Amino acid sequence: DVKVTQSSRYLVKRTGEKVFLECVQDMDHENMFWYRQDPGLGLRLIYFSYDVKMKEKGDIPEGYSVSREKKERFSLILESASTNQTSMYLCASSLWPSEMREQYFGPGTRLTVT
Amino acid sequence: GEDVEQSLFLSVREGDSSVINCTYTDSSSTYLYWYKQEPGAGLQLLTYIFSNMDMKQDQRLTVLLNKKDKHLSLRIADTQTGDSAIYFCAEGGSSNTGKLIFGQGTTLQVKP
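Order-wise, the sequence lines are chains Z and V. Counting from 1, one number per residue, gives the positions in the first sequence under our numbering. Counting from 1001, one number per residue, gives the positions in the second sequence under our numbering.
Treat the hints as calculated values from the structure; they're not laboratory data. A couple of the hints might just be wrong.
Think about it this way: if two alpha-carbon atoms lie no more than 30 Å apart in a straight line, the pair counts; the simulated DSS-like pairs of lysine-lysine are [as the list claims (entries may be wrong)]:
id : chain 1 : residue 1 : chain 2 : residue 2
1  : V       : Lys1036   : Z       : Lys55
2  : V       : Lys1036   : Z       : Lys57
3  : Z       : Lys55     : Z       : Lys3
4  : V       : Lys1056   : Z       : Lys3
5  : V       : Lys1036   : Z       : Lys71
6  : Z       : Lys3      : V       : Lys1070
7  : Z       : Lys57     : V       : Lys1070
Please read these numbers as outputs of a predicted model, since none were measured by experiment.
So that you can see chain Z by itself, here it is in the shape it has in the complex (with noise of 0.2 Å):
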């Protein structure tokens, strides 16, 4: 079974602290995504990975960075955490190239910045 694991399942960090949220698969899959999930907005893209230290940016990239040392790591970094980026964070991955784009996801990091 694949699994997806993310470091914290909640967090709570204070307005302008950096926050690290990580992502481990054990697939060694190529792709590796990191998505927010908002009420009504559905999954939006911030990031994502096709290959160590090979990034892409998403739909909303503003206010994100990431980080993929490994192949099997994926990091999310908010250099300096704002009210607005509360959100559940998810991260996921897929096989690639793969002609069926499944994508297999974390349980998610509920995210609340004060």
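Start from chain Z and add chain V according to the hints.
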């Protein structure tokens, strides 16, 4: 740009059929997908349909695809309280990178 649209909420009674609808703009996807998100969990692939098919049936699930109208639907027969979840429609768009474009998600509420 590429877009996927769904209604946000559907409420049905246990035992009834549920139909969740989705429209999309990009017709180049090889597959279209339905993901399910149960409370407190990440998304999981529920079913998918190949773009040259009109219909796919999988036990209580029926997926219908109308390519002309760019309309996808998911029918759940004999809906159970365990089917209460958020359902996301997704398509691959025109990118060659494995990215998916997700709809807003439809929250299905099943009343006993």
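Identify every previously stated hint that the structure contradicts and give their numbers, smallest first.
Violated hint: only 6; rest satisfied.
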